[in-house]
Amino acid sequence: MSVGRRAVVTAGAGLALALAGAPAAQALGRPRTRTLFIAGDSTAAQKYADAAPETGWGTALPFFLHRGIEVANHAVNGRSTKSFLDEGRLEPILAAACPGDLLLIQFGHNDEKAADPTRHTEPWTTYQDNLRVFVEGARSRGALPVLATSVERRKFAADGTALRTHGAYPAAMREAAAASDVPLLDIEALSLALWQELGPEATKTYFNWTATEQDNTHFNPPGAIEVARLVAAELLRTHVLAPRETRRLDDAIPTDRITWPVSEES
Numbered sequence: 001m002s003v004g005r006r007a008v009v010t011a012g013a014g015l016a017l018a019l020a021g022a023p024a025a026q027a028l029g030r031p032r033t034r035t036l037f038i039a040g041d042s043t044a045a046q047k048y049a050d051a052a053p054e055t056g057w058g059t060a061l062p063f064f065l066h067r068g069i070e071v072a073n074h075a076v077n078g079r080s081t082k083s084f085l086d087e088g089r090l091e092p093i094l095a096a097a098c099p100g101d102l103l104l105i106q107f108g109h110n111d112e113k114a115a116d117p118t119r120h121t122e123p124w125t126t127y128q129d130n131l132r133v134f135v136e137g138a139r140s141r142g143a144l145p146v147l148a149t150s151v152e153r154r155k156f157a158a159d160g161t162a163l164r165t166h167g168a169y170p171a172a173m174r175e176a177a178a179a180s181d182v183p184l185l186d187i188e189a190l191s192l193a194l195w196q197e198l199g200p201e202a203t204k205t206y207f208n209w210t211a212t213e214q215d216n217t218h219f220n221p222p223g224a225i226e227v228a229r230l231v232a233a234e235l236l237r238t239h240v241l242a243p244r245e246t247r248r249l250d251d252a253i254p255t256d257r258i259t260w261p262v263s264e265e266s
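For the sequence shown, position 56 (counting from the first letter as 1) is numbered 56 according to the numbering used here, and the numbering increases by one without interruption.
One or more of the hints may lead you astray.
[Claimed, not checked] Listed below are the simulated DSSO-like cross-link pairs for lysine-lysine, each with C-alpha atoms no more than 27 Å apart in a straight line:
{"#": "1", "residue 1": "Lys-113", "residue 2": "Lys-204"}
{"#": "2", "residue 1": "Lys-113", "residue 2": "Lys-155"}
{"#": "3", "residue 1": "Lys-155", "residue 2": "Lys-204"}
[Unchecked claim] What follows is a set of in silico ranges between Cβ atoms, one per label pair, in the way DEER data are often shown:
{"#": "4", "residue 1": "Gly-68", "residue 2": "Thr-125", "range": "34 to 42 Å"}
{"#": "5", "residue 1": "Thr-33", "residue 2": "Glu-213", "range": "42 to 50 Å"}
{"#": "6", "residue 1": "Leu-236", "residue 2": "Ala-158", "range": "35 to 43 Å"}
{"#": "7", "residue 1": "Thr-246", "residue 2": "Ala-115", "range": "34 to 42 Å"}
Hint data in this document are derived by calculation from the structure and do not stem from the laboratory.
Built from N, CA and C at the ideal position, the CB exists for glycine as well.
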């Protein structure tokens, strides 16, 4: 936590310089590309060739955004609000963020893991405290923070009812968003409704179900595309993005547009 909090202070010191540089680019007639940074977990993260067909929704988000919005996906497998901050992963986001940029924050899956003290947070205390660090950090750079509740897992009752799996964390995020006057994308509620509409069998084609794995948390290309569509539509509905900044919200996106780069560590 202390690393993340120091980052907020450090980033704030550079805000005046960033603001001073922005008019210069506009004076030269160059439209500035806005960056949408993603801070989150494996459900949003970029996946590599050795993990295919697993796909994070952050990979598919650019399909629904105008080219004037660039996505910088900093989501990392297995991270919670706590571990993301403790590992110093907010710092490079703040260092790169400029006035007018966006920081989309989605955590909860790993904050829930009570048996892991390196990741676990309590929803109404430490989880909300950590969310405020992200919010204050973004604002210190003149960027707009946006909170997104965790996308739901695939879990159904015997009667086919789609079940909630995130406990109090979505409600805690909703409260944090209201308290800090931050736009909220309620992806937990929207994805739950989508899984209910599709039903137990059809949802298997959206999650990372393969011949060797039955993964009810992570997505394959169709699932990543549909969750990214939910995110983009919510960015538009909440007026975070203007209509001219989104595209193809009602269009079918071919799944072969999803690619998995080779990891630099391979």
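Verification of the hints:
no. : hint                             : result
1   : Lys-113 with Lys-204             : holds, 24 Å
2   : Lys-113 with Lys-155             : holds, 18 Å
3   : Lys-155 with Lys-204             : holds, 11 Å
4   : Gly-68 with Thr-125: 34 to 42 Å  : holds, 39 Å
5   : Thr-33 with Glu-213: 42 to 50 Å  : violated, 37 Å
6   : Leu-236 with Ala-158: 35 to 43 Å : holds, 37 Å
7   : Thr-246 with Ala-115: 34 to 42 Å : holds, 40 Å
Of the numbered hints stated above, the single one contradicted by the structure is hint 5.
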